[in-house]
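> Generate coordinates for the entire structure from the input sequences, incorporating the hints supplied.
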Amino acid sequence: MTNLPKNSRESHIQAAQAREEAAAQARVNRIMLDQALQGNGGSKPWQSWKASQAEEVVEDLVNRSPRMEMVSIQLEGDLSLIYRIQMPVPLAPKGHLLSFSGVAVFHLTYRENWRWENPPGWGPLGIFSRRPVWHPNVSLEHRGVICLGALPPSTRLKEIVLLGYYALTLQESVLDELDPGGVLNFEACEYYRSHPEYIPLCREGLLEPWKGLQEVERRFSR
Amino acid sequence: MTQGSSQQLVWYRWAPKTHSQTGIHFEDSPSQFTKTAKSLDLNLELSGARLSLSALKRRSVAVFGLGAVGGEILTALARLGVGRLIGIDAGRYREDSWRTQPVFPEHGGQAKAWVQGLRARSHNPAVEVWAAIGRAQDLPLSVLRKVDVFVTAGDNLELPVWAGNMAAALGKKALVQGAVHGPTWTAICRTYNLASAGSPCPGCMLRAREWGLLSVRYGCDPAAATESGFVKDHDLGPTATLPAVCTTAAQMATIECLKRLLNIDAQEVQSEEISYCLLTHQLLRTTLPRNPSCRCAHERWKIHDLTQPPSQMTLSDLASSINCEKDDLQIRGESHWVSDTLCGHCGLKTPVRRFVRGFGEKVGACGCGAALLASPMGSFSVMPPQDLEVCLKRPLSTLGLEPGGSLGLSAKGQNWTYFFFPGRPRFRSEESERKK
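Chains C and Z are the protein sequences, given in the same order.
Quick note: our numbering has the first sequence finishing at residue 222, numbered continuously throughout.
Quick note: our numbering has the second sequence finishing at residue 1436, numbered continuously throughout.
Simulated from the structure, these hints should not be mistaken for lab results.
Check the hints yourself; a few may be wrong.
To be verified - Calculated cross-link-like contacts (lysine-lysine; reagent style DSBU-like; alpha-carbon spacing at most 35 Å):
id	chain 1	residue 1	chain 2	residue 2
1	Z	Lys1057	Z	Lys1349
2	Z	Lys1349	C	Lys158
3	C	Lys94	Z	Lys1362
If you want it as structure tokens, here you go:
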């Protein structure tokens, strides 16, 4: 290490710090999950499903993504997760230009009967936002409801998290009002059809680092 | 005939006509035994035992799905004299439906439930017929629990899976499924006895791939919920099965219903599939196995009838009646529990804390003046613990519970106990008709 050039040494230190922070965050997530598991309620199969799904989201996504953070886990009745992702969130346009928020706070719920019945596409996932999210799949009237299209019973929560992320960043989108599989905001649908430059809002996957809001704003202000 | 609508369903009810109105009666009193009635006294000679079908007038059957199979079942059960029949189907007839379904060409465009309800009633005016346009899943629990036998004859896998869950939960001894396999001219009848947790349910038969094929009928507007959907009747195409095959399946299902309604145990088929191929005349009987890793709940609820209306009871009263501590308590109703909602105008979160009939229902006003609507965001099937704390001592009527409704309580890890409130579920149009 001492023989390395200064820049390289600094980057090593930064990487080590990042690893330490990630490990500390993983420990916090584990504690949060363990506390939630203590209150896990319902029938035994339902408890076991909730536990495995919550664990999968934490281990495979939250602990691995550099920009996802778990806010709350509740397993008493319905499964309820609140998590935060640093990502571009499109807000109602000012003039012709979209404005953005840099953080999305999602609320994911899953009900016991959705293990054997189809959850409605708009059922499991929503987004909290003080300003209306400007997106074809996000309802204005039912604030924050996101339609993910057809979902089979027992859809894994990990898939719902990923679907929500890719839908909101317009990496996966439905822009056809006649397709009942997704459009909740027709005006936003029309807007994005006439402004294809916004699709997608970012190209990074959930597990990849994101350059940040400034980069998105710079890209779209040109 | 009366007509009504609950949140998701449109109902039609044909009250039973009396002996004097019809010339037909099922009374045992010799003084009322007219010549007409005697000729209609249906008796079966079966295994040496003389069984009177008049016992059927006290029984009730619900038929979920009123297509080529279900419509025939409803009529056949009416002919037998089953006292109360409930038929439900969300669909309407197409122009060419008469080719395969038990209807006339002029019924194109009409609701299946209305046409088949009327048809059953025309066959036997002495029976009470309820027909509902909508999804079986939206039937009130208080209606379902009074039914003796569930019959499913729908065109999607979701329906028998749901019916199996409800039959198990409500301790129904019999669930009969009528189905067809068009290409092989095969009529299929499956029967399930879900009175015990160890019995197979329709979900036990599904493999991972089939679970993915459950048809989705939710549209993308939460307020319209099930009124529009990914799969619509016109997308499904016409029924491609020969009417004779459908009728055979319907008659097989009717016979299995009859055995259960008359408690003919010796001949009763228990959790079996009977498939009869009209092409080869091959008959197969298959015992249906219980799948230990079935996704369905296989859970039997305890049922309690309450004498007091929701306005005179609290959650605390109900919890103490099942000796459940507050910390272990779980609550769920028949509809969504809305914990809070976000204002569509200013985005402010406002607590609601009550059950709603459906999304889009007005649940108050925001400080900014905009109306607050019940929304999937902030809604749950089981009341969250933070709301329970606040609502424990409040009268149940303030939590959105109405006469004729029900409420489920459970201690963590225990089976659910369902409390049924006195009264009938509210049907708005019927009330307004009475006022008229």
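> Run every hint past the structure and note whether it holds.
We went through each hint and held it up to the structure:
1. Lys1057(Z) x Lys1349(Z): 53 Å, violated
2. Lys1349(Z) x Lys158(C): 27 Å, holds
3. Lys94(C) x Lys1362(Z): 30 Å, holds
Hint compliance for this structure: hint 1 alone is broken.
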